[in-house]
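Chemist: Here the protein sequences line up with chains A and B, keeping their order. Every letter in the first sequence is one number past the one before it in the working numbering, and letter 1, counting from 1, is 5. Every letter in the second sequence is one number past the one before it in the working numbering, and letter 75, counting from 1, is 79.
Honestly, I wouldn't trust all of these hints.
Identical chains share a label here; the pair holds if one copy fits it or two copies do between them.
Claimed, not checked - Below, a list of computed lysine-lysine pairs in the DSSO-like style, where the Cα atoms sit at most 27 angstroms apart:
| id | residue 1 | residue 2 |
| --- | --- | --- |
| 1 | K324 | K131 |
| 2 | K59 | K131 |
| 3 | K19 | K347 |
| 4 | K131 | K347 |
| 5 | K324 | K59 |
| 6 | K121 | K354 |
| 7 | K121 | K131 |
| 8 | K59 | K347 |
| 9 | K59 | K121 |
| 10 | K324 | K23 |
| 11 | K19 | K59 |
| 12 | K337 | K372 |
| 13 | K372 | K59 |
| 14 | K23 | K354 |
| 15 | K19 | K372 |
| 16 | K273 | K325 |
| 17 | K59 | K354 |
| 18 | K324 | K354 |
To be clear, the hints were calculated from the coordinates, so they are not data collected in a lab.
There are 2 protein chains.
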Amino acid sequence: MPSGFKASGIRAGLKASGKPDLALLLAPEGAICVGTFTQSLVRAACVELCIDRLKTNAGSARAVLINSGQANACTGERGLLDSVCATNALAEQLGLCPEEVLICSTGVIGEVIPLEKLISGLDPLVKELSDCGGSAAATAILTTDLVEKQIAYETYLDGRRICIGGMAKGSGMIHPNMGTMLGYITCDAGVSSETWTAMVHRVIERSFNSITVDGDTSTNDAFIAFTAGLPLAHQHLDTLEVGLTLTAQHLAKAIARDGEGANCLLEVKVLGAETDSSARIIARIICSSSLVKTAINGCDPNWGRIIAAAGRAGVFFLPKKLSLWVGTYQLIKGGEPLQFDRKAVSVYMKQQMNGAYLNDDSVSIILKVGDGAGAAKAWGCDLSDQYVRINADYTT
Amino acid sequence: MPSGFKASGIRAGLKASGKPDLALLLAPEGAICVGTFTQSLVRAACVELCIDRLKTNAGSARAVLINSGQANACTGERGLLDSVCATNALAEQLGLCPEEVLICSTGVIGEVIPLEKLISGLDPLVKELSDCGGSAAATAILTTDLVEKQIAYETYLDGRRICIGGMAKGSGMIHPNMGTMLGYITCDAGVSSETWTAMVHRVIERSFNSITVDGDTSTNDAFIAFTAGLPLAHQHLDTLEVGLTLTAQHLAKAIARDGEGANCLLEVKVLGAETDSSARIIARIICSSSLVKTAINGCDPNWGRIIAAAGRAGVFFLPKKLSLWVGTYQLIKGGEPLQFDRKAVSVYMKQQMNGAYLNDDSVSIILKVGDGAGAAKAWGCDLSDQYVRINADYTT
Numbered sequence: 005m006p007s008g009f010k011a012s013g014i015r016a017g018l019k020a021s022g023k024p025d026l027a028l029l030l031a032p033e034g035a036i037c038v039g040t041f042t043q044s045l046v047r048a049a050c051v052e053l054c055i056d057r058l059k060t061n062a063g064s065a066r067a068v069l070i071n072s073g074q075a076n077a078c079t080g081e082r083g084l085l086d087s088v089c090a091t092n093a094l095a096e097q098l099g100l101c102p103e104e105v106l107i108c109s110t111g112v113i114g115e116v117i118p119l120e121k122l123i124s125g126l127d128p129l130v131k132e133l134s135d136c137g138g139s140a141a142a143t144a145i146l147t148t149d150l151v152e153k154q155i156a157y158e159t160y161l162d163g164r165r166i167c168i169g170g171m172a173k174g175s176g177m178i179h180p181n182m183g184t185m186l187g188y189i190t191c192d193a194g195v196s197s198e199t200w201t202a203m204v205h206r207v208i209e210r211s212f213n214s215i216t217v218d219g220d221t222s223t224n225d226a227f228i229a230f231t232a233g234l235p236l237a238h239q240h241l242d243t244l245e246v247g248l249t250l251t252a253q254h255l256a257k258a259i260a261r262d263g264e265g266a267n268c269l270l271e272v273k274v275l276g277a278e279t280d281s282s283a284r285i286i287a288r289i290i291c292s293s294s295l296v297k298t299a300i301n302g303c304d305p306n307w308g309r310i311i312a313a314a315g316r317a318g319v320f321f322l323p324k325k326l327s328l329w330v331g332t333y334q335l336i337k338g339g340e341p342l343q344f345d346r347k348a349v350s351v352y353m354k355q356q357m358n359g360a361y362l363n364d365d366s367v368s369i370i371l372k373v374g375d376g377a378g379a380a381k382a383w384g385c386d387l388s389d390q391y392v393r394i395n396a397d398y399t400t
Numbered sequence: 005m006p007s008g009f010k011a012s013g014i015r016a017g018l019k020a021s022g023k024p025d026l027a028l029l030l031a032p033e034g035a036i037c038v039g040t041f042t043q044s045l046v047r048a049a050c051v052e053l054c055i056d057r058l059k060t061n062a063g064s065a066r067a068v069l070i071n072s073g074q075a076n077a078c079t080g081e082r083g084l085l086d087s088v089c090a091t092n093a094l095a096e097q098l099g100l101c102p103e104e105v106l107i108c109s110t111g112v113i114g115e116v117i118p119l120e121k122l123i124s125g126l127d128p129l130v131k132e133l134s135d136c137g138g139s140a141a142a143t144a145i146l147t148t149d150l151v152e153k154q155i156a157y158e159t160y161l162d163g164r165r166i167c168i169g170g171m172a173k174g175s176g177m178i179h180p181n182m183g184t185m186l187g188y189i190t191c192d193a194g195v196s197s198e199t200w201t202a203m204v205h206r207v208i209e210r211s212f213n214s215i216t217v218d219g220d221t222s223t224n225d226a227f228i229a230f231t232a233g234l235p236l237a238h239q240h241l242d243t244l245e246v247g248l249t250l251t252a253q254h255l256a257k258a259i260a261r262d263g264e265g266a267n268c269l270l271e272v273k274v275l276g277a278e279t280d281s282s283a284r285i286i287a288r289i290i291c292s293s294s295l296v297k298t299a300i301n302g303c304d305p306n307w308g309r310i311i312a313a314a315g316r317a318g319v320f321f322l323p324k325k326l327s328l329w330v331g332t333y334q335l336i337k338g339g340e341p342l343q344f345d346r347k348a349v350s351v352y353m354k355q356q357m358n359g360a361y362l363n364d365d366s367v368s369i370i371l372k373v374g375d376g377a378g379a380a381k382a383w384g385c386d387l388s389d390q391y392v393r394i395n396a397d398y399t400t
C-alpha cells in the first residue's frame, strides 16, 4: 500500500450471506482526490453525495466508506439521509469534517442500507485500519464477483519508492460511462491537483471506460483516485502515468474477466483508425456485441459478426481496407475473406478459454480499419448460458 | 395479395437443409417502390445494387429476387458480380430492364451464392408466380426463423377494395437501423411517389426501427415497399397510413417474438417524454438491455434494471417523476418504489410468457418519465440460455 494510506474490511451483517460487507479507505492528510461517477441520469444517493462533497471540498478528501449488499439507488429522500448519516458518524469516529468523507454503495437497486448495522460496524471497522488492510477491503466490496481484484505497482523515482495501489469490484451491469462499478487507486507521489485530475481522466478512458460485460451502465459506478506524498519532479510524470495506466487496466481487465458467467477475457485491438477515440468506439462495440460474445463462447471464428459489429459503430472506415486477425491467424485482408484453417482458430480459442483464468491469457481480436494512426484496446468477455441463469433469477 | 401483385417461392438447392430458399415478388407496371437499407458501413453486395438501381430508376421497380442461405456480404467484387448476374438473368426471363429488378440475400456473412443453382432455379420460380404465391415466398425467405411472418389488411375506400400485404424474416442480428433483416410490403392504392416515400419512412420508425433482438445490426437489412393501383383520394391517406402502420408493426413484432431463443414478446411503452423520438430511444434501450431481458426470462420483476436502462439512454428526464408499471401492477410512483406483490407480478410474467406465442400476448412494461406529450413503443424479447446455445455454435 502507498505510504500513509490505511484500509480495513469487516463483516457488519449487511449481507444476508454473512460475507464481508463494509470497507474503509483512509488517505493521509493533504490527499488530493479525483472522483468520476456514472453518467446515468438515475444515480444512487451515495453518488450524489460524493459529487457534492468533492465539489465543496475542491477535490480533497480523506476517507471512503464502502458498503456492499445494497445499492441505495432509487431509494428517494431516505437514501440520501442514510448516506449523510453514515458518513457523519464515520467522520466523528475519525475526527474529520463530514465533507472529507465519501461513501460508495453496491448491491441490489432499490434496497436501503440497514443503517443500524452499518453504524454499529464503524467502531470495529476503524479499529481494523492498517497499512496492510487492502486485501480485507478488496474482499468486503465484492457482490457477485468470484474473485477479489487488487494490484500494486512500485518504482523508484528521485531515489524514492513510489507506490500505486488499486482495488475494484464489478461483474454485472458493466458498461462504464465514467468510472466503473467501484474502483479505487491510491498513490504516494505528490503532484498538483490539476496534473492528477488530467492524468486520472486520461487513464480512465484507456481502462475502465474501455470494458464491457453486458452493455448495462450502473446507477452506482464510481472510480476514486487519491494521491498524497512528497512532491514528484516534473520529468517523472510520464512514468507515473504509465504506472497508473497499468494499475487501472489491470483492475478493468479483472472486472471483464470476472464478468457474470464469463469463461474468458476478450481483448479487441483496433488499429489504423483516424483517432484513438474512434478506434476505441469500434473496439468497444465489438466487445459488447452479443453475437461476437456468443461466438467466443462457442470457440467459433465467425468473423462476419466482428465485421458487422464494426460496421454499425458509427465511425467511418473503408470496408475494403479491413484486415482481421483472431490470435495470430489472419482471416481478412484488404476487405476480402482469406482461406483459413477454421479448426485451428477454434482450437486456439478453446486453449485461451481454458487457460485464460490461470495465465492471464485472453482471446485476442485485432482489426485494422485503415492507415490512420489511431489505435485502442477494449476488453470484454464471452456470453454464456450461465450469464442468463445468473441474471434470470437475481431478485426472486 | 393486393391486386396486380404476384409472388412465388421454391427450393433451388441453395440451402444445405433442402428447405425453400428462393423467392420472387413481382409488382404491376408503374409500381412505386421505396427501399430502406442497413446503415451499417459494412453492406452486402445486394444492398449496394438495390440502392443504386432505385436511385437510377427514380423509385420505381418491378421485381425483387430473394435468396436465403448465403448473405453475400463481405464477398468483395465477386459478390457484386453475382448480384448483377442473377438480376440480369431474371430480367431477361421476365422481359424487364435489369434496372427494374432488385435482389436481397440473407444467410451467413462471407458466403457467396451458389450462382449456377440460383440461375437454374429462375425458370421454375417464374413459372410458379401467382397472385396467391405469398405464403410460398414468405417461407422461402426464412433462415433461423421458427415461423413465417406475413399479414394482409384490406379495407374499402372510394367504394373500392384496398389491400396491403406484407412479409418479413428475421430472428437474430436484429437491431434495425433502417429496415430490418428483410421486410416487404405491397399495396394497391395509387398514391404519388412523394406521398408514398414520406409515409413509408414514418411507418418504419414506428415498426421495424422500434424492435431489437440482440442489439446487432445486420449487413443485409432491407425493407422494400411497393404500391401500384388506381389513384386514391387525398382524404383517405390517413387511413392508408394506419393500415400500413398496422401491417409493418405486425411484421416487426413477429420478428421480435421469433427472436432467437425467445419465449415471449416484450412490449415497452414510454410516456410523458418531450417528443415521440426521445420516448422511442428510451423504450428501445430498455428493450435491448441484457439485464432487463434476462429478468423477463426469469419472470423476475427486477425494476431496478428497467430504471437503470432508462437512465443511460442519453435522454433527459427527472428521476423523481418516474412511474413504472409491469402489466397492470404499479411498481414506482413519483420516483419512489412502491410496496408491491412481487409474487403476483412474477405470476403475471409467467402467464404472459406461456401464452405469448398462441394468443399474441406479451409482457408489458409502461414507463412514464414526465409530463410531456411524447410517447412511443418498442418491442423485443427475453434473453434465454437457448439464445446463447443457438449463437455459440452457428458456423462451426
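Chemist: If a hint holds in the structure, say so; if it does not, say that too.
Modeler: Comparing the hints with the structure gives:
{"no.": "1", "hint": "K324 to K131", "in the structure": "neither (63 angstroms within a copy, 39 angstroms between copies)"}
{"no.": "2", "hint": "K59 to K131", "in the structure": "neither (29 angstroms within a copy, 76 angstroms between copies)"}
{"no.": "3", "hint": "K19 to K347", "in the structure": "between (46 angstroms within a copy, 22 angstroms between copies)"}
{"no.": "4", "hint": "K131 to K347", "in the structure": "neither (58 angstroms within a copy, 43 angstroms between copies)"}
{"no.": "5", "hint": "K324 to K59", "in the structure": "between (49 angstroms within a copy, 23 angstroms between copies)"}
{"no.": "6", "hint": "K121 to K354", "in the structure": "neither (46 angstroms within a copy, 36 angstroms between copies)"}
{"no.": "7", "hint": "K121 to K131", "in the structure": "within (16 angstroms within a copy, 79 angstroms between copies)"}
{"no.": "8", "hint": "K59 to K347", "in the structure": "neither (56 angstroms within a copy, 43 angstroms between copies)"}
{"no.": "9", "hint": "K59 to K121", "in the structure": "neither (29 angstroms within a copy, 70 angstroms between copies)"}
{"no.": "10", "hint": "K324 to K23", "in the structure": "neither (54 angstroms within a copy, 33 angstroms between copies)"}
{"no.": "11", "hint": "K19 to K59", "in the structure": "neither (31 angstroms within a copy, 63 angstroms between copies)"}
{"no.": "12", "hint": "K337 to K372", "in the structure": "within (9 angstroms within a copy, 49 angstroms between copies)"}
{"no.": "13", "hint": "K372 to K59", "in the structure": "neither (42 angstroms within a copy, 32 angstroms between copies)"}
{"no.": "14", "hint": "K23 to K354", "in the structure": "neither (34 angstroms within a copy, 33 angstroms between copies)"}
{"no.": "15", "hint": "K19 to K372", "in the structure": "neither (47 angstroms within a copy, 32 angstroms between copies)"}
{"no.": "16", "hint": "K273 to K325", "in the structure": "within (16 angstroms within a copy, 42 angstroms between copies)"}
{"no.": "17", "hint": "K59 to K354", "in the structure": "neither (49 angstroms within a copy, 47 angstroms between copies)"}
{"no.": "18", "hint": "K324 to K354", "in the structure": "neither (30 angstroms within a copy, 48 angstroms between copies)"}
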